[in-house]
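Quick mapping for you: the protein sequence lines, in order, are chains A and B. Using the numbering used here, you'd call the opening residue of the first sequence number 1 and step up by one each time. Using the numbering used here, you'd call the opening residue of the second sequence number 1001 and step up by one each time.
FYI, nobody ran anything at the bench for these hints, they're computed from the structure. Fair warning: this is a prediction, and the values are worked out from it, not measured in the lab. All residues carry an ideal CB built from backbone N, CA and C; glycine is no exception. Misleading hints may appear alongside valid ones.
What the hints assert, rightly or not - Between beta-carbon pairs, the in silico distance windows are:
| no. | chain 1 | residue 1 | chain 2 | residue 2 | range |
| --- | --- | --- | --- | --- | --- |
| 1 | A | SER27 | B | PHE1287 | 55 to 61 Å |
| 2 | B | GLU1311 | A | ALA175 | 32 to 38 Å |
| 3 | B | THR1161 | A | ALA20 | 55 to 61 Å |
| 4 | B | ALA1314 | A | ARG182 | 38 to 44 Å |
| 5 | B | PHE1183 | A | TYR236 | 44 to 50 Å |
| 6 | A | VAL138 | B | GLU1311 | 26 to 32 Å |
| 7 | B | GLY1236 | A | ARG208 | 53 to 59 Å |
| 8 | B | GLY1260 | A | PRO184 | 28 to 34 Å |
| 9 | A | PRO184 | B | GLU1311 | 25 to 31 Å |
To be verified - So, partial list: chain A residues that the calculated Cβ filter (under 10 Å) puts toward chain B:
| no. | residue |
| --- | --- |
| 10 | LEU30 |
| 11 | ARG31 |
| 12 | GLY112 |
| 13 | ILE122 |
| 14 | ALA126 |
| 15 | THR129 |
| 16 | GLN132 |
| 17 | LEU245 |
| 18 | ILE248 |
| 19 | ALA249 |
| 20 | VAL252 |
| 21 | ILE258 |
| 22 | PHE296 |
| 23 | GLY297 |
| 24 | ILE300 |
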Amino acid sequence: MNTIRSAFRNPPFLTLLLVALVWIVASFTLRGFGAYGHLRYLLELAAVIGIAAAGQTLVILMGGIDLSVGAVITVTAILLPLFSPAWDPTGLVGIAVALAIATGIGLMNGAGAAYLRVPPIIMTLAMATFLQGLLVIVAGGSAVTVSNPAVILLGQARPLGIPAGIILWLVVSIAILLLVHRMPIGARFLALGANPLAARLSGVSVTRNTLMVHTLSGFFAGLAGILVLGMNRQGYVGIGDPYLLTSIAAVVLGGTSILGGRGTYAGTIPGAILLVTTTALITVVNASPGWRSIMFGTLILALLLVSGREARR
Amino acid sequence: MSASSPMRLYGSIQLRRNRGLAGLYLVVAAFLILYAMLFPGILSIGGFSKFTQNWFPLALVTMAQALLMLNGGITLAIGPLVSLGAVIAATTMEGALGVPGGILAVALAGLSIGAVIGAIVTHLRLPAIIVTLAGSFIIGGVALILLPRPGGFIPDWLSTTLAGHTPVAFVLLVVILALWKAFLATPLGLGIYAAGDNPVGAFRSGVPVERVKVVAFALSGLLAALTGLFVAAQTGSGDPVIGTPFTLNSIAAAVLGGVGFLGGKGTMRGAICGSLLLSVMINVMFFLGFPPVAQYVAQGLIIVGAVAVPELLAQWKARR
Chain A
1 MNTIRSAFRN PPFLTLLLVA LVWIVASFTL RGFGAYGHLR YLLELAAVIG IAAAGQTLVI
61 LMGGIDLSVG AVITVTAILL PLFSPAWDPT GLVGIAVALA IATGIGLMNG AGAAYLRVPP
121 IIMTLAMATF LQGLLVIVAG GSAVTVSNPA VILLGQARPL GIPAGIILWL VVSIAILLLV
181 HRMPIGARFL ALGANPLAAR LSGVSVTRNT LMVHTLSGFF AGLAGILVLG MNRQGYVGIG
241 DPYLLTSIAA VVLGGTSILG GRGTYAGTIP GAILLVTTTA LITVVNASPG WRSIMFGTLI
301 LALLLVSGRE ARR
Chain B
1001 MSASSPMRLY GSIQLRRNRG LAGLYLVVAA FLILYAMLFP GILSIGGFSK FTQNWFPLAL
1061 VTMAQALLML NGGITLAIGP LVSLGAVIAA TTMEGALGVP GGILAVALAG LSIGAVIGAI
1121 VTHLRLPAII VTLAGSFIIG GVALILLPRP GGFIPDWLST TLAGHTPVAF VLLVVILALW
1181 KAFLATPLGL GIYAAGDNPV GAFRSGVPVE RVKVVAFALS GLLAALTGLF VAAQTGSGDP
1241 VIGTPFTLNS IAAAVLGGVG FLGGKGTMRG AICGSLLLSV MINVMFFLGF PPVAQYVAQG
1301 LIIVGAVAVP ELLAQWKARR
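Work out the full structure, taking the sequences as your base and the hints as a guide.
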């Protein structure tokens, strides 16, 4: 009885339950929703949000927020085709360069937050504004088409019928879960998020860990950018915009406290799937953009009531 | 104790609050002088009116944002609320009740939407940033349904009154600031600061922390919706997405003005100065022929600089 009760107090489990419920009801009521191909497609879309939200989860666990995730995804998707040299048949050089740029942007965010003491929300907001301007200068208004074979493989390949994006997400998930719950560094992130002062007095370096989470967030946003590019085959200004808010929403829907210190990536995973499912259901209803926007907002609010409540003061 | 003692206390408190803003005042003054040298037209009545009309919407949304940040909150729904205000103004003013009805509708919508968001944040104990994020989708959707594409109707005389060649916008801003000052003198207004600085302490001292929060959200919604009314009068029509840039700019201006994220720290005059700085910078860059994209780059650098430079100075001073 106690195990059952504690399971129902467990936000990640509740979110997972909600996803299962929505999928089962939708499969019975909507033609084609429950088809294997469709569900697989939803998971593939969720993979991008999930990977971008991996870094976001770490930043939020430490009590910050990363508003540059969308901009970093766009930067990666636009710069990768430009930095993929023709002499490299594997395309791995382009991927390495793009990931290095994304990671570097994350490092700069971290440096601003750690050394200049700019609050993360401002630092990453300014970085996003900065990148937005820089990108238009670099790329102009036109879309760039990707010919990098490794990126296309990542976007299109289906070993054993499972899209490569989903496999990548699995790998990322395992890595993040191990990092947060099995490694000392994860414990330091959580400690800093729960009580920065106590953590610092216990010898946890705020500077080093702030640098670390933001760098990781840049890296995962870059990874999400590469996956998006592979699935779209085109990069353009604004391609990453939808992922900023969805990455934050996935983290919060997964039961992680926006104030830091409490939560797990295990909740973000069903959170990302829930968001994609919600969007898919709204598309099925075939409403005007205004109504679609209202439904999306209302659903996020309703889902929050189930899973995202802060503890009583 | 002499009779002038409370006045002197008030003066010395205000002086101390201004001290932290001295740097900001200097920078704003420098930018204004630069602006006046580049474009002497600002010194005429017409030029001054146009300049303040450009600044007025940003000043209002910055007040709306700063009000919540002082109370320890934040809203991401400013932009959609501005759009909704513009749309409501443009769709109701041709109705039976005319302009007064339109203004009333905008004000009521802003107040009630703000109050509902505030009630959700306070009573359901959800984080403000996420509630306003979800709220921004809903409000933006309503604006799109009311007016799917730019259009609607604003009477010409209203546009000329608010955004013509007279500094009405500036006078309105002064009036609104005076009202804010008066509001701060009431227990409820003081409670906004108190609850932002230390919610538990404020609660134990008898501040109705929850009511204060709902009021802060409602007033913030009112200011944002009225900004929409002004923007609609400025452009002569309603546009369901016109408010979008205001969300981030309102946060940037408030932070430039020294309003902290944790509540209770900062002043409204600082926030207004921050919005003036941002507005002048955008104007100067525009007139100097910077491409719009370079403005983004510069804006990003300036926001970081504005927060980082005082911090670095403080660290440097502490080390010596």
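*asked:* Checking hints one by one. Is VAL252/A an interface residue toward chain B, by the C-beta closer than 10 Å rule?
replied: holds (5 Å)
*When the nearest CB of chain B is found for ALA126/A, is that gap smaller than 10 Å?*
Result: holds, 4 Å to nearest chain B Cβ.
*Does ILE300/A meet its interface restraint, that is, does its C-beta lie within less than 10 Å of any C-beta in chain B?*
holds (4 Å)
*Hint check: 10 Å Cβ-Cβ cutoff, THR129/A to chain B*: holds (4 Å)
*asked:* A closest beta-carbon separation below 10 Å is what the hint needs, so does ARG31/A meet it against chain B?
replied: violated (27 Å)
*asked:* Range first: 55 to 61 Å. Now tell me if the beta carbons of SER27/A and PHE1287/B are that far apart.
replied: holds (59 Å)
_When the least beta-carbon distance from LEU245/A to chain B is tested against 10 Å, hint result_ = holds (6 Å)
_Whether the CB-CB distance between GLU1311/B and ALA175/A falls inside 32 to 38 Å_ = holds (34 Å)
*Have a go at the GLN132/A hint: is there a Cβ in chain B nearer than 10 Å to its own Cβ?*
At 5 Å from the nearest chain B Cβ, GLN132/A passes the 10 Å test, so the hint holds.
*Residue hint ILE258/A, partner chain B, criterion CB-CB below 10 Å*: With a minimum Cβ separation of about 4 Å from chain B (threshold 10 Å), the hint on ILE258/A holds.
*asked:* Quick check on the hint: GLY112/A CB to chain B CB, less than 10 Å?
replied: holds (6 Å)
_Just to be sure I understand the hint, the distance between the Cβ atoms of GLY1260/B and PRO184/A should be within 28 to 34 Å; is that true here?_
holds (32 Å)
When held up to the earlier numbered hints, the structure conflicts with 10 and 11 and fits the remainder.
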